[in-house]
Structures are given as structure tokens and as C-alpha cells.
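Protein chains in written order, with our numbering: chain A, 19 to 287; chain B, 181 to 516.
I should point out that these hints are in silico values taken from the structure, not numbers from a laboratory. Among the hints, erroneous ones may be present.
Capping the alpha-carbon separation at 16 Å, the derived lysine to aspartate or glutamate pairs in EDC-like fashion look like this [claimed, not checked]: (1) Lys-94/A - Asp-405/B; (2) Lys-94/A - Asp-180/A; (3) Lys-94/A - Glu-416/B; (4) Lys-323/B - Asp-36/A.
Far from chain B, some chain A residues (derived; all Cβ distances over 12 Å) [to be verified]: (5) Gln-87; (6) Leu-96; (7) Gln-105; (8) Ser-162; (9) His-219.
Chain B side only, calculated, beta carbon under 8 Å to chain A, not exhaustive [as the list claims (entries may be wrong)]: (10) Arg-185; (11) Gly-236; (12) Leu-350; (13) Gln-352; (14) Arg-396; (15) Met-400; (16) Leu-411; (17) Ile-454; (18) Pro-457.
All of these numbers come straight from a predicted model, not from anything done at the bench. Note that the Cβ used here is the ideal one computed from N, Cα and C, for glycine as well.
The residues making up each chain are set out below.
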Amino acid sequence: MTLIHTLTVENLTLGYGDRTVIDGLDLVVPTGRITAIVGANACGKSTLLRSMSRLLVPRGGQVLLDGTQVHRMPAKELARTLGLLPQSPIAPEGITVSDLVGRGRNPHQRMFSRWSAEDDEAVAAALDATDTASLADRSVDELSGGQRQRVWIAMALAQQTDLLLLDEPTTFLDVSHQVEVLDLLTDLNRARGTAIVMVLHDLNLAARYADHLIALAGGRVHAVGEPHEVLTEETVQAVFGLSSRVLLDPTSGRPMMLPIGRHNVVVPA
Amino acid sequence: MARGRVRRGIRRRRVITVLALLIGVGYLVSLMVGQTVYSPAEVLGVMLGQDVPGAGFTVGRLRLPRASLAVLAGLCFGLGGVTFQTMLRNPLASPDIIGISSGASAAAAFAIIVLGLGSTAVSVVAIVSGLAVALAVYALAYKGGVAGTRLILIGIGVAAMLDSMTAYVLSQAAEWDLQVAMRWLTGSLNGSTWAQTVPVFVALVVLAPVLLGQSRNLSMSQLGDDTASALGVRVERSRVILIVAAVGLIAFATAAAGPIAFVAFLAGPIASRIVGPGVSLLVPAGLVGALLVLVGDFAGQYAFGTRFPVGVVTGVLGAPYLIYLIIRTNRAGGSL
């Protein structure tokens, strides 16, 4: 089912009002892999992600999906290839889990078409993959934060896109649920080859789960590459203005960052 | 899971059937009952164009246009109201709360009383000013995006302003105009004619299919602009179509029957209570609106010692619900 899709950003400039957030940025999303975008608050991570999924019109440059500008593609056609889960999506009051997940089928449906067996299968598969099938008839309002996030991911899965963009999918979750969500996304990537691009706050989780890291600073790409190439003491200093130690995570063999603040530092850096 | 979807679909169809039956019964009863009661056979005879002595005038000229306008205007108010409430994700965001009905009403009153225009021209004036008010409220509430609360508060202010303009226009009316003019304050079906009813019918035939065609996009819009857009909805385009169609329905109905109080506001929440979450509310809300106006008008004519215009009856029903909503949102932390 998975075709190889290429998502590239060329000389992209984005902004709100008279403020430029992204300034002449180039990047290539590696196909079939997990990419994490990291950077300081308000460095334009979410803005970049929104523009990649057509939510924000570029001031300059372009976002290309398989060589076509995403802003010129028919909305539903784009939505069958590229999915986006915003940072704080809104659930309609009283909606059940299966209905919400079913909304993910919209790009596959025509104006007056009926709900099809294919839609049913896609929703069932999405619920299974996210381990939410037992919640199907529950109201989304009643769920815990971790459950709700899994349901939102299920909705994005029901969309059956080969590319999935997620804006901070782990915010507001405790650490075990953060790991659970990232494991789930990794399963998807491994099982279906879905390319995942996510904005993450936690550098260590980003280094642990992403194959490819992009560090943004000043509206541009500061560093890009495999975790060990990007997560260095120099990059952390340049991107976050923070002193740190970067060690090797004994469990994953990936880099791991320990911040150094002004207090409780017993061993000089 | 699939069962849940099927079950809700069946329930929605049942609700639609029952509502349609109730409207049919209500329509027939309001044709039969009055100062003189006619049999169903006599009523049917008039409807089929036969010459029924006595009933011909009372049923054909008085009751038939009135009951038809009640159903048509109710459908328009219900459809238009639930569209706004769903799109803005707030039951208070109904066109009769945020000034759109008031705008259409003020313009219609002005067009009739001051300019002396006929019913088609009045409808056009009403729809243009309804759209203008919708645009103005949106623009005034715009501040890097539109927040529901700000839009509603601004809309309430604009509505108050427009209502006072209507009152001013009415105060300028000749005394013999006043009875007719009172319609623009609360909405009334007194003296309904076919000339008023036909434009509403045409508006419904043209605009209701447009709204129904956007039904899925309307449901998707509840997820917020970003999610809806990511799921393939052309959010801006869909919003423009929905607003124009909904305002059109409200304006045409208002031009014919006045701003019948709270019908647009009540129909959606009542329909939602009956059919439950997760299904499109457009058709059920339209039917609830029709039933509210039909029953409200009938009750206003015969249930009390004096005759009340329908807007007074629906207003009495709607006001407590408005107070309830405001109290509830206050308790929930003032998020409106």
C-alpha cells in the first residue's frame, strides 16, 4: 500500500502579521522514517508543520509533495497522502470514540456518499492499532489524557496516509504515556512504513525515537542528521542557549542530554 | 462500534419520521380548528382546489398561508440556527442572539414602513443586511482569528443596537401600520398571505440543498479549523457557503414572519437532545423549528384568553433556556 512519497521544503518563508517566523528554510523529509523537529519555544516548529500540511500559505518558497506544491493540490487528495494532528485538536461535545475516529475517513468520502465497509475496516484497524477498541462506544469527554491522545492518533490512522505530521503528540502526558505514544508511532512506522514527522519538546525522547533530527533556530535549520550528529553539546548551546552534557544512553545507544543549570552542579562540567 | 453508528442512524431516521408526522398532524389541525371547525374532508377539498362553501375563504385564504408560512419559516430558522451553532461550536452563537435576525428585521421594517417596498424587495433588503451584519460582527470580533466568546458578546451588542433601530422605525409608523409593524419586534404570522409565503418557499428550495450538501463539512468543522483542514475540508470556502446559505434562510423567513423569537436558538439544542451526538442535526433541527412555530402559533391563537403573536409564545419558551445556558457557562468557568 505504501508508495514512496517525497516531502521537501524549498526556501520557505513563513510569518504572521509583520513577524517572520521561518526565513528561507530548506529541508527534505526522509521517506519512510521518523523525523523529529526540535528547537526552542516560538522558533517556528509548529508554524513549519502547519505550512507543510497546507494550513499556512507561504510568504515565499514552497512545500512540495511528490513535486507538486501542497497549496495547489485538491484538499482531499492531499489529505489522503498527508495527515496532520494539531497540538490541541477539539473534540465535539459528547462525541463517541468510534465517531471521532470515523471523522478521519473524510478525505475518502464524497459529498453525499454513505459510510462504507471499507470505512468500517479502516476505523476498526485504527482502533486496534492504538489499543482503543474497548473504548469505541465511550464518550471522548470521559477519557484520560493518554487515552484521548491515542484516540486522536487513531483518527489520524483511519485517514490512512503514508505521511503523518504530529505537533507535540506527547504534551500534557505523563512520562509513561509519552513513551506509550512514541512506541505506538514507531510501531506504525515499522509495520506500515508510514513516514512520521513530529515536533517534540523532549530532546531525549526525540533522540531516542527519531531516525532523523532537525534542530531549528532563528527560523532556519541549525543542524540536521541522525541523532548523534544533531544532539551535541554545541547544538544545545546554540539552539537553546543552555550548557549541557551529552552522554550515551546505555539502553538505546542514542545520545542523551543532561542540562546544566546554576544549582546543584557538583561535578564541574 | 459499527453497531453504534447504525443504531444512531436508525434513531435519527425515527426522530425525523416522528417529527415529520407531528408537523403533518399540527398542520392539519391548524387548518381545521379555529372559530369555525372544519372537517378533514372539507380542508382537503379546499387544498385540492374544490369550491367548499364557507371553508374556501377561511381555510384557503387565512389558515392555509398561515400554517404553510409557519412550517416554512420554522424550517428556515431551525436550519439557519443549527448551522451557526455547530459552526461556531456554541449554542449561544445562534443568528437570533448574535444580531443577524435583528439586522434582517430592522432592514425589513425600514423597507416596509419607510420605503414602502413590496415583499420581494423586502426579502432582498433583509438578506443583504443580514449578511452585512454577519460580516460586521465577524469583522468586529476578528483579532488574529475569531474567538467564539468575543463574537457572541459583540453580536449581542449589535443585536441590541439593531433592535432599538427597529423600535425607532416603528415609532415613526402611522397608527394603522402599527399592527403590521409589531411583527418586526417579536415575529408574528397574523395576516399571512401567499405573497409572503412564496419567497420563503423558494429560498428553502434553493438554499436547504446547499446546506445539506455542506452537512459533512459542517460536522468536520466542529473539530476546529486545523483538524478539519488536515482532513481535506476547504475550511474557508465551506464557511462562506454555510454562512451565506444560513443567513439567506434566516433573512427570508424574517422578511416574511419577523424575527420569531428564539426558534433558531432553540431548535438545534432540542434536536441534539432528541437524536444524540454524532449525527448531522440539520434536518432534525429544521423539523423542530417548524414544529415550534406551528405549535407556538396555534397555542398563541387559541390557548389563552387573548391572542398572542407566535414570537411571544416562543420567546416565553426560549428565555428560560437562555438563562440556563448563561448560568451553566458561568459555573463552567465563564468560557461561554
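Structure-based check of each hint:
| no. | hint | verdict |
| --- | --- | --- |
| 1 | Lys-94/A - Asp-405/B | holds, 15 Å |
| 2 | Lys-94/A - Asp-180/A | holds, 14 Å |
| 3 | Lys-94/A - Glu-416/B | holds, 14 Å |
| 4 | Lys-323/B - Asp-36/A | holds, 15 Å |
| 5 | Gln-87 | holds, 16 Å |
| 6 | Leu-96 | violated, 7 Å |
| 7 | Gln-105 | violated, 9 Å |
| 8 | Ser-162 | holds, 20 Å |
| 9 | His-219 | holds, 19 Å |
| 10 | Arg-185 | holds, 7 Å |
| 11 | Gly-236 | violated, 42 Å |
| 12 | Leu-350 | violated, 39 Å |
| 13 | Gln-352 | violated, 45 Å |
| 14 | Arg-396 | holds, 7 Å |
| 15 | Met-400 | holds, 6 Å |
| 16 | Leu-411 | holds, 4 Å |
| 17 | Ile-454 | violated, 13 Å |
| 18 | Pro-457 | holds, 4 Å |
The earlier numbered hints that this structure contradicts are 6, 7, 11, 12, 13 and 17.
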